[in-house]
Each structure stands twice: as C-alpha cells, then as structure tokens.
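Chains as they are written, first to last, in this note's numbering: chain A, 1 to 355; chain Y, 1 to 345; chain X, 1 to 330.
These aren't lab readings, by the way, just hints derived from the structure by calculation. Among these hints, one or two may not hold up.
Every beta carbon over 10 Å from chain X, so not counted as near; a handful from chain A, in silico [said to hold, decoys possible]: (1) S36; (2) N80; (3) L95; (4) L111; (5) K139; (6) G146; (7) H162; (8) Q210; (9) H222; (10) D275; (11) E345.
DSS-like mimics (lysine-lysine), calculated; alpha carbons at most 25 Å apart, straight line [as the list claims (entries may be wrong)]: (12) X:K239 <-> X:K146; (13) A:K94 <-> A:K119; (14) X:K245 <-> A:K69; (15) X:K245 <-> A:K94; (16) X:K7 <-> Y:K43; (17) A:K94 <-> X:K239; (18) Y:K150 <-> Y:K190; (19) A:K69 <-> X:K239; (20) A:K119 <-> X:K146; (21) A:K119 <-> A:K139; (22) A:K70 <-> X:K239; (23) A:K119 <-> X:K245; (24) A:K94 <-> A:K70; (25) Y:K190 <-> Y:K149; (26) X:K239 <-> A:K134; (27) A:K139 <-> X:K7; (28) A:K134 <-> A:K119; (29) Y:K281 <-> A:K279; (30) X:K146 <-> A:K69; (31) X:K63 <-> X:K53; (32) Y:K281 <-> A:K341; (33) A:K94 <-> A:K69; (34) X:K146 <-> A:K70; (35) X:K245 <-> A:K134.
Here the structure is a predicted model, which is why all the values come from computation and not from measurement. Glycine included, every Cβ here is placed at the ideal spot set by N, Cα and C.
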Amino acid sequence: MTTPQTAHGGAYLQVRDLRVQFSTEDGVVRAVDGVSFSVDRGQTLGIVGESGSGKSVSSLAVLGLHDPKKSRISGEILVNGRNVVGLDDNELRKLRGRDVAMIFQDPLSSLHPYYTIGKQIVAAYRIHHPNASKSLARKHAIDMLGRVGIPQPAKRIDGYPHEFSGGMRQRAMIAMALVNDPDLLIADEPTTALDVTVQAQILDLIEDLQRDFNAAVILITHDLGVVSQIADDVLVMYAGRVAEYGSAEQVLRQAQHPYTWGLLASVPSLHGDADEDLKPIKGNPPSLINVPPGCAFHPRCRYAMLNGGPCDIEVPQLLPLLATHEPGHTVACHLPERQRKSIYEQDIAAVGVAI
Amino acid sequence: MTNLVVPQQAAAATRTRPPGEPLLKVEGLVKHFPVRSGLFGAKQHVRAVDGIDFTVDPGETLGVVGESGCGKTTTGRMLVRLLEPTSGKITFEGRDITHMNRSSLRPLRQDMQIIFQDPYSSLNPRHTVGRIVAMPLSVNGIEPAGGVKKRVQELLEIVGLNPEHYNRYPHEFSGGQRQRIGVARALALKPKMIVADEPVSALDVSIQAQVINLLRDLQREFNLAFVFIAHDLAVVRHFCERIAVMYLGKIVEVGSRQQIYEQPSHPYTKALLSAVPDVTKLGASLGRIRLEGDVPTPINPPSGCRFRTRCWKAQDLCAQVEPPLDPKPNGSIAACHFPEVGPLR
Amino acid sequence: MLRFILKRSLIAILTLWAISSVTFFVFFALPANPAETMCGKNCDVRTIAAIQKNLGMDKPLPKQYLDYHAGLFVGRDFERQGREAQHCPAPCLAYSFRTNEPVTSIIGRAWPVTASIVVGGAVIWLTVGISLGMFSALRRGTVFDKTAIAFSLVGASMPIYVFAILLLATFVFGLHLLPYPHFVGLLEDPVGWVKALILPWFALAFIFAAQYARLSRSQMLETLSEDYIRTARAIGLSKRTVHLKHAFRAAITPIVTIAGIDIGGALGGAVITETIFGLQGMGWYAVRAIPNLNFPVIMATVLVAAFFLVAANVIVDCLYAVIDPRVKLN
Ligand SMILES: Nc1ncnc2c1ncn2[C@@H]1O[C@H](COP(=O)(O)OP(=O)(O)OP(=O)(O)O)[C@@H](O)[C@H]1O
Ligand SMILES: Nc1ncnc2c1ncn2[C@@H]1O[C@H](COP(=O)(O)OP(=O)(O)O)[C@@H](O)[C@H]1O
Ligand code: SF4
Ligand code: SF4
Ligand SMILES: [Mg+2]
Ligand SMILES: [Mg+2]
Numbered sequence: 001m002t003t004p005q006t007a008h009g010g011a012y013l014q015v016r017d018l019r020v021q022f023s024t025e026d027g028v029v030r031a032v033d034g035v036s037f038s039v040d041r042g043q044t045l046g047i048v049g050e051s052g053s054g055k056s057v058s059s060l061a062v063l064g065l066h067d068p069k070k071s072r073i074s075g076e077i078l079v080n081g082r083n084v085v086g087l088d089d090n091e092l093r094k095l096r097g098r099d100v101a102m103i104f105q106d107p108l109s110s111l112h113p114y115y116t117i118g119k120q121i122v123a124a125y126r127i128h129h130p131n132a133s134k135s136l137a138r139k140h141a142i143d144m145l146g147r148v149g150i151p152q153p154a155k156r157i158d159g160y161p162h163e164f165s166g167g168m169r170q171r172a173m174i175a176m177a178l179v180n181d182p183d184l185l186i187a188d189e190p191t192t193a194l195d196v197t198v199q200a201q202i203l204d205l206i207e208d209l210q211r212d213f214n215a216a217v218i219l220i221t222h223d224l225g226v227v228s229q230i231a232d233d234v235l236v237m238y239a240g241r242v243a244e245y246g247s248a249e250q251v252l253r254q255a256q257h258p259y260t261w262g263l264l265a266s267v268p269s270l271h272g273d274a275d276e277d278l279k280p281i282k283g284n285p286p287s288l289i290n291v292p293p294g295c296a297f298h299p300r301c302r303y304a305m306l307n308g309g310p311c312d313i314e315v316p317q318l319l320p321l322l323a324t325h326e327p328g329h330t331v332a333c334h335l336p337e338r339q340r341k342s343i344y345e346q347d348i349a350a351v352g353v354a355i
Numbered sequence: 001m002t003n004l005v006v007p008q009q010a011a012a013a014t015r016t017r018p019p020g021e022p023l024l025k026v027e028g029l030v031k032h033f034p035v036r037s038g039l040f041g042a043k044q045h046v047r048a049v050d051g052i053d054f055t056v057d058p059g060e061t062l063g064v065v066g067e068s069g070c071g072k073t074t075t076g077r078m079l080v081r082l083l084e085p086t087s088g089k090i091t092f093e094g095r096d097i098t099h100m101n102r103s104s105l106r107p108l109r110q111d112m113q114i115i116f117q118d119p120y121s122s123l124n125p126r127h128t129v130g131r132i133v134a135m136p137l138s139v140n141g142i143e144p145a146g147g148v149k150k151r152v153q154e155l156l157e158i159v160g161l162n163p164e165h166y167n168r169y170p171h172e173f174s175g176g177q178r179q180r181i182g183v184a185r186a187l188a189l190k191p192k193m194i195v196a197d198e199p200v201s202a203l204d205v206s207i208q209a210q211v212i213n214l215l216r217d218l219q220r221e222f223n224l225a226f227v228f229i230a231h232d233l234a235v236v237r238h239f240c241e242r243i244a245v246m247y248l249g250k251i252v253e254v255g256s257r258q259q260i261y262e263q264p265s266h267p268y269t270k271a272l273l274s275a276v277p278d279v280t281k282l283g284a285s286l287g288r289i290r291l292e293g294d295v296p297t298p299i300n301p302p303s304g305c306r307f308r309t310r311c312w313k314a315q316d317l318c319a320q321v322e323p324p325l326d327p328k329p330n331g332s333i334a335a336c337h338f339p340e341v342g343p344l345r
Numbered sequence: 001m002l003r004f005i006l007k008r009s010l011i012a013i014l015t016l017w018a019i020s021s022v023t024f025f026v027f028f029a030l031p032a033n034p035a036e037t038m039c040g041k042n043c044d045v046r047t048i049a050a051i052q053k054n055l056g057m058d059k060p061l062p063k064q065y066l067d068y069h070a071g072l073f074v075g076r077d078f079e080r081q082g083r084e085a086q087h088c089p090a091p092c093l094a095y096s097f098r099t100n101e102p103v104t105s106i107i108g109r110a111w112p113v114t115a116s117i118v119v120g121g122a123v124i125w126l127t128v129g130i131s132l133g134m135f136s137a138l139r140r141g142t143v144f145d146k147t148a149i150a151f152s153l154v155g156a157s158m159p160i161y162v163f164a165i166l167l168l169a170t171f172v173f174g175l176h177l178l179p180y181p182h183f184v185g186l187l188e189d190p191v192g193w194v195k196a197l198i199l200p201w202f203a204l205a206f207i208f209a210a211q212y213a214r215l216s217r218s219q220m221l222e223t224l225s226e227d228y229i230r231t232a233r234a235i236g237l238s239k240r241t242v243h244l245k246h247a248f249r250a251a252i253t254p255i256v257t258i259a260g261i262d263i264g265g266a267l268g269g270a271v272i273t274e275t276i277f278g279l280q281g282m283g284w285y286a287v288r289a290i291p292n293l294n295f296p297v298i299m300a301t302v303l304v305a306a307f308f309l310v311a312a313n314v315i316v317d318c319l320y321a322v323i324d325p326r327v328k329l330n
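The following block holds chain A by itself, in its conformation from the complex (with noise of 0.2 Å):
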C-alpha cells in the first residue's frame, strides 16, 4: 500500500501548498489553491476532477509554463528536491523534456503542423543533447517511433501530424516526450479525444513504457474509469483545491469525500440496474473568480451542513482519517468521519459504480 502523504518524504516530485492565481480583466482567477501531492519514481498519480478545476494548471506549473507576468505562483515544487517555483527560464529550459516531460490532450493541435514528426522529436532530442548527430538523433527518433508501436517507424517518421490517425499521432507525442528519458511524465487526458479502444492501448503503452523507463507519471483526467485502470494514488480536485488524496483503493473504493461520490455515482456504468435514474450532482462548477466561501462544494453539497456544520463559513482542511486505519488517506470535509462513513455505506456504495 502505497501511503501518498507520509512515506513519500522523498519522492521524486513534492507539491507543497501550491497555489496558481492569474489576474484577468474580471479578477483573480485562484485557479490552484493550496493543493499538495507528491509521486515517486515508478509510481501513477491519477488526478481527477470536473473541467476548470485546476488539473491543468497544476501540471503546466510544474513544469513552470504559466507566464511569468499574468500568474502568481507560490508554494513548493520539489523536483528531485530541487524547488521549481520561481527558477529562471533559462534554468527551468533544462528541466523541461529531460527531466519532466509532458503529453496533451489534442495530440493534433499540439504537434506543429509544418514540421514532420521526426523533426520534431529529433528536436526534442538535440535540445538536451546539443552534441548529437542530426542522423544520431534520427536513429533514435526512429528507435523511440518503433518503441511506442507505430509500424514502419523509418518510413512514418517523415510523415506530417495531419497524415497520422488520432491514436498514431498520441503515440508520436509520447515518443516526442520520453526520447530524453525523464523521471517524470505528467499526461493531461492523454485519452480525452481518442475511441475507447485506441484509449486502451494508449494506457497499455503508457503503462508499459512506465515500467521500463521507471518514471513517475502523473494522468490527468476527468474520466474516473481511466484512473481506476492504471493509477497508485488518486487526488480528487475540486474548484482549484483537494478534495480528497489516497490510494486508488482508499479513494475509489472507500470514498469519504461527498464531492467524489458525487463523481462516483455520475458515472453511467456497464454494471448494475440500468433502468435506475443515475444520481447527478446538483448545479454547476462554480467560477474560480467567485470560489463559494467555505467549502467550495457546499451550494452543490447534499450533505452540507447536515449537523449545522461551518460548511459555509469555514474552508475545510485536509486531514488524515483518523478512525479508520488508513495510512494516508486524507480528505477535506467538515462531516465527522464516522457520518461519512455511515452515509458511504448506505447511500453511496448501493448505487452506480460503487461496489
């Protein structure tokens, strides 16, 4: 059992109390706020949680991509216990595809459409091998090409982004991004635009390659069944903060936060009564200009103030279960544990996905 929040004093990569603010013309969007995490090498961190709340912005931050003019950003990132935030450009330019690297959703719009591939990913190459050979660089391009499944690498690699199909072309950003072997991968919904069966052998290969690179890999996701698949740990986001953090099995199987049941019983599963109304969270995200005060979740929160709690006054720590014998499971919610877990027990784990 992995036990995210104490035994990974020296992970490869510690989060500390981040927090990303950008200042727009409606205000300061407090799009991360105060969210910790780590993942160690060889490890999966599956971060989940509803569009615009913060997932994006936490990975881009580690690799220190927010302009530095437009954001705020405070807290620690430790890579390899070195802190990230504040590091020059020039500084943080050698970090980025060496030692962490990155895929994104749209593997079209994130490859440049007047390069090949190839030039691209012997790009990805020579910027942190500034000594090797162009045809150096092309050899292992191809090798890379060959190494997440695209058949006859040599005659694909002169290929065009345009000319690949949607799980081709997120097979070459991969290879794009672990052609320097990082220690970290961090993939933003790396399966969003792609079928379910081009989704399963992205995952399979994202898992293989993890295996033989032995790097720390951070899926970002909104997609819970995903995260199930291939993640250690899971961090639920909620509104730029954490909502709950633990294993996979503590926070898909014995969820104590209202905000992941909501999750939970959202899902339309292959399982289960289908005629049964499936249990939607009420209202909408809220804006991260006008965070609800409290607990961000409480005007959508089923359970919120359920003992005249402070839900809508007090913003809720993060705190370790402490009845339960959960080693690093922790989670951000007024109810007392005990109530959590009566509530789990009858309404939640009866319903949807949630066995």
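Please arrange chains Y and X with the ligands on chain A, whose structure you already have, making use of the hints.
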C-alpha cells in the same frame, strides 16, 4: 442486401414488439462522399454509410454506437434529411421520405427533431433563448394556444431551466444548460422522434448525468422515440433499450440491451465493451481484448468482413465472404461467420 | 503540383478573358460617343464619322470585339483616313484615342513607374508592418505594444491622400529637402530614382504598414496561444527558438496570402499615390482616360490590373502549398 429487420426476426431478437408499423424504417441506406486523393487522384468515394437497415418503434430508444468515423453522424443527419442519401429508403410513419422535397418535409420536421453534440456552436449566439426555443414554432407558422411566449416558458420549465431566463443569451449559460436549451428547442413541436447526436459527449460527468436523467424523464413522459448516437457505451446502456453497433459504415450487430451488454455475438462488440475502463475494477487491464491498429479507411474497406483486419478470430472465409446480418445463438442479430457464444464473462 | 499550376493557369486565363469581355462591352456599349468628345466645339457630322472610322468604331460591335482580341495575339491593321493603313503588332492594345500613341507604349512607359512605387513601398510596408506586429504581439501589453497599436489605428483611419499631402508639404514645400517627384528610370539615375520615389513609397507604405501591423499582431497572438507552442516550450526549447521557428512560421502564412493579393492589386496602379505625386503610372493614366472616354487605355489598364491580380492569386496558392504541408493541391 438482406433486409435485416423483418418484424418477426426483430421480435425474436429483441423485446416483443407491438403489432403494427414501426415509426421509422431504414432500408439499405447508403451515403458515399466523393473525394479526390493524391496528385493525379481519380475520384474516389468515402463510404461513410454503406447499406444499413433498422427500425425504430414509437416510443423506442435505439442506441447507435461505434468508433469515430464509423458513420454515426452521417446516419443521423440522413434520418432528419440534413444530408441526402446516396441510395436506400427511409420510411417514417409509413411514408417514404427519402427524397421528399422541402415543402412536403415540413410536417415531418415537426415529428422528427435533432439535438447536436456541441452545445456551444449549435445555438445562435445573437438570439435570445426565447427566440431560439420558439424558432421551430415560428418557422412552421404554429401559434400555440396561450401564445408563443407561454409555450416557450413551459418548455424551459420542462427541461429544468428558469422560465424567467427567456430573454437571456446562450453565452450566459453553462454547457449543460445550453444542452437543455437545445432539448427545449427540439421538444417545441412535440415531436414523435428525436435524433440525438452525442448529446452529452461534450459535458462534464456530473452535468452529463443531469442531462441523461432529463432525457430519460422526457422520453418516458412523452413516449418519445430516440435514435441516440454516442461513442460512450455506458451512457448508451443507461438510455437505450435496443442498440446497433456500427463499424466502417455497416451495422455489425443489433440487439436488446441485455443481449449487447451481457452476451454480445459480434467480436467487435465484445472488444468495444472490454475496452471500456471500469471503475469497479481497480488496476485491471488483465483479460482485456486488445484490438490492434486503427480502423481502416472507409475509402477502401477490407473485402469480406470489414472487421477482419483487427479481428482475432478471422479466418480465410472472413476475407472472401461478407457475413450476413442474421440471428445468432446469443440472441442478437449480428454479421459474423464465427460469432461469440455464451455470456460475456 | 504541375497539374495544379496548369489547372490554375487555365482558370486564370479564362478569368482574364471574361474580365476583358465584360470591360469591353461595358465601355463600348455605352451610349457616350468618344468621337464627339474628341471632336471638340465646332464639329459636324462628317468629322465625327471620320474620327469614328479612324477609331475603328464604325464597324459592328461583335466585329470590333473580335478585332480587339485578335490584335492582342496576332496584331492588327488600322485604316487611317487619307493615310496608309497602320499596322499595330501583337500584343496590340490599339491606339490612344487622344494622342494616337500605341497603348502598348503608354503601358511600357507607365508600368515601370507603378512597379517602382509598389515594389519599394511593399518592401517598406512588409518589413515595418510585420516586424511591428510580431514584436508588439511578443511584448503584449508593454509601452511598445501600445505605441504600435496607436500607430496602426492612426494609419488605418488616416486617408492616404492626407498623409501624402502632409509628406509633400513637409519635405518638398516646407523643408525643401526633396524635389517635387519626377520619375527617372532606376538604370538611368539610381539616386534620382530614389529621390523621386521615397515620398510615394512612404505614403503608400504607411497605410499598408498599419494594416499589416495589426494583422501580424493578431496572427501572432493567435499562434502563440496554440497548443503546439506550449508543446515546443514543454520540450525545453528557448523562447527565442519557439518564437522564431515555431510561431513565426505559422503566423506568417495568412499574411503571405494577403500580401500577394495586395501587391498584385497595387501593380495594376497605385491610383491615389500616383495622382498626388504626379507620377505617370498605370493609375495616373487610368484616371485620366475615364473622363476622356479613352477606351483603349481604359481597356488596357483594366487588363493589366486584372492580369496582376490573377497572377498574384495563382502564385499565392502555390506558395501556400509550399509553406503549409496540410494544403493539398487539388
Ligand atoms: N462531407 C464529407 N466529405 C467527405 N467525407 C465525409 C464527409 N462527412 C463525413 N465524412 C466521412 O464519413 C465517415 C463517417 O463520418 P461520420 O461523421 O458519420 O462519423 P461518426 O461515426 O459520427 O464519427 P464521430 O464519432 O467521430 O462523430 C468518416 O470517415 C468521415 O471522415
Ligand atoms: N492563463 C490563464 N488565465 C486565466 N485563467 C486561467 C488561465 N489558465 C487557466 N485558467 C483558469 O483556471 C481554472 C483551472 O483551469 P485548468 O487547470 O485548465 O482546468 P482543468 O482542471 O480542466 O485542467 C479555470 O477556471 C481556467 O479558466
Ligand atoms: S464540508 Fe460540508 S459542504 Fe463541503 S463536502 Fe463536506 S459536507 Fe459537503
Ligand atoms: S466474420 Fe470473421 S473477421 Fe468478421 S468478425 Fe466474424 S470472425 Fe471476425
Ligand atoms: Mg485541462
Ligand atoms: Mg459524429
């Protein structure tokens, strides 16, 4: 082309049907898009939909699933005549509507409506919600009892929107709310059937569940027939009683929810189901059927069974003879020489 | 590629033919009679008829049409009253109604003027406009950016003649730094050439540069927000490389198209610039020919302008395919 859904056959294959005409009957429907490819390219055809047959009864929900590019949207658009079929026949309430002209189509438009995938681009940003929802009424010159405004507000109420938002513009609404506006517009003419093309695919999970529940309630309340197009098998399972699985422009299997999801006959259906990641199975990618490669191009589909290039059961026969769609031991109607037998797990 | 160029050229030729036919019939079918205009005050029917015969206008319209177009390719003979028939070799654009000079030689004189104005102007407007736009996009929100935006607003809202007259008033009549523009050939007197053209260049470039600055700025901003730019940063490329190699190339593509069409259009005559600076280019002649009903000159200027526009279109399409691999030439 065998006519797959002869009523008796279908009755055997799916739930018992009330006697009488189906609401919608599609026979040998084909849509080819001409394209030119390569430098000195000769004219070729994208065989987007290549001969499909199915029926929909009044009040019935038919799901259409399949991978991207298999022809789902093209089919849906032909049904509501946004696209002209290359050949085949569409019968709605006993009338052949395949090549009906605009004016004779008008009454049909009232009975058959479409909901689109993208809640952002399918509503005119410069029109108020009231005007958008009233559009089908005004276009068809219908003056509902009590006035247009009252009817529109009624419709907004039905889809769970505040009737007072009558004068607001689409950009003031979230994705889920916009999709509700689209639903209200589709309901304005009290249609008998709605073609819904990926109506919840662009929505977040929690919002998706809200819209699915809404559509289910409306379907029951107004006894609406649905052709529900989606790529998410779990969503379709929650909404549809009968499901058609498409691959490369053809229907490869049709059956009841129970037949498709518990004991599919076609290897492709089985593979699709097995690829769906399942929250209940932590870390389990074991035992999954891995389909290799991509869907072939619909310009030049494989001979015989179109699925053979990715099928793990393919044999010589599959390349030579196109398998007919007929009843299989598992109950559904499927096009496969070597169908699956027995339950899924 | 070859097939595409051939096909496009064929279409271009058909377009030109259609334009020339339409222009021909519009002008020659007009009720106004140039012979009357040329005849002056004390005019009788006989003189008019004689002039008409000279002009070849006594023939039926279809015959005139055929003669004109045949002249373009094989040349033609003009009957002259009292004199020998005059041979006009191909490409024959007939004779000016006013000066009796072959129109081809008018064009031969006028076009170098226009070309000199446009080419010089285009170099200035492209360099200034594009670099201004690109840099202000990269320095979005800074003083530089705001100044550039102000410049392009002024440029876009100021009519070209106002600016041209300002230039003339300042540099020629005010400071006496430059002579009033008088065109000399580049090969004859390079310094004189530049002296004559420098003000027209800036006048023409000012307006276009403003437009191009605005266009490049918005193109660049759009490109900078593309996902592939984020990818390029994520693999560790420096900002400079990302901007120069990845963003610039994509942002410039639509500008190439528009520049091609603009230059092609201007090569047919930079009317206002030529008129204000008194430079006798294509536009200058065209403007003069219209009130005089000098049909051969009107026809010729329209044809030349159409030719450059159509040619620019073909070239732009081919360039596009070279720049953007997604464009399939068919
Ligand atoms: N106008 C068109 N011209 C040429 N080909 C077309 C056209 N419209 C669709 N196609 C092709 O027809 C095939 C079927 O397209 P269709 O949009 O019906 O797929 P779909 O099943 O709805 O896919 P998705 O799940 O991606 O929405 C695809 O190969 C598509 O590229
Ligand atoms: N550059 C930016 N400027 C202003 N707001 C931003 C910026 N990037 C993201 N945001 C906002 O931050 C929030 C979180 O975004 P994001 O992390 O992309 O969400 P997701 O969880 O879907 O990945 C959203 O409300 C988004 O609009
Ligand atoms: S703190 Fe209150 S509002 Fe927030 S999740 Fe817990 S019960 Fe719901
Ligand atoms: S017919 Fe053959 S190739 Fe096609 S699905 Fe059946 S077994 Fe596979
Ligand atoms: Mg995101
Ligand atoms: Mg579609």
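Hints and how they fare:
no.	hint	result
1	S36	holds, 23 Å
2	N80	holds, 16 Å
3	L95	violated, 8 Å
4	L111	violated, 6 Å
5	K139	holds, 19 Å
6	G146	holds, 20 Å
7	H162	violated, 5 Å
8	Q210	holds, 19 Å
9	H222	holds, 18 Å
10	D275	holds, 41 Å
11	E345	holds, 44 Å
12	X:K239 <-> X:K146	holds, 22 Å
13	A:K94 <-> A:K119	holds, 20 Å
14	X:K245 <-> A:K69	holds, 23 Å
15	X:K245 <-> A:K94	holds, 19 Å
16	X:K7 <-> Y:K43	holds, 16 Å
17	A:K94 <-> X:K239	holds, 13 Å
18	Y:K150 <-> Y:K190	holds, 15 Å
19	A:K69 <-> X:K239	holds, 15 Å
20	A:K119 <-> X:K146	violated, 37 Å
21	A:K119 <-> A:K139	holds, 12 Å
22	A:K70 <-> X:K239	holds, 16 Å
23	A:K119 <-> X:K245	holds, 12 Å
24	A:K94 <-> A:K70	holds, 23 Å
25	Y:K190 <-> Y:K149	holds, 16 Å
26	X:K239 <-> A:K134	holds, 22 Å
27	A:K139 <-> X:K7	violated, 41 Å
28	A:K134 <-> A:K119	holds, 10 Å
29	Y:K281 <-> A:K279	holds, 21 Å
30	X:K146 <-> A:K69	holds, 17 Å
31	X:K63 <-> X:K53	holds, 13 Å
32	Y:K281 <-> A:K341	holds, 21 Å
33	A:K94 <-> A:K69	holds, 21 Å
34	X:K146 <-> A:K70	holds, 17 Å
35	X:K245 <-> A:K134	holds, 17 Å
Consistency note: the structure conflicts with the earlier hints numbered 3, 4, 7, 20 and 27.
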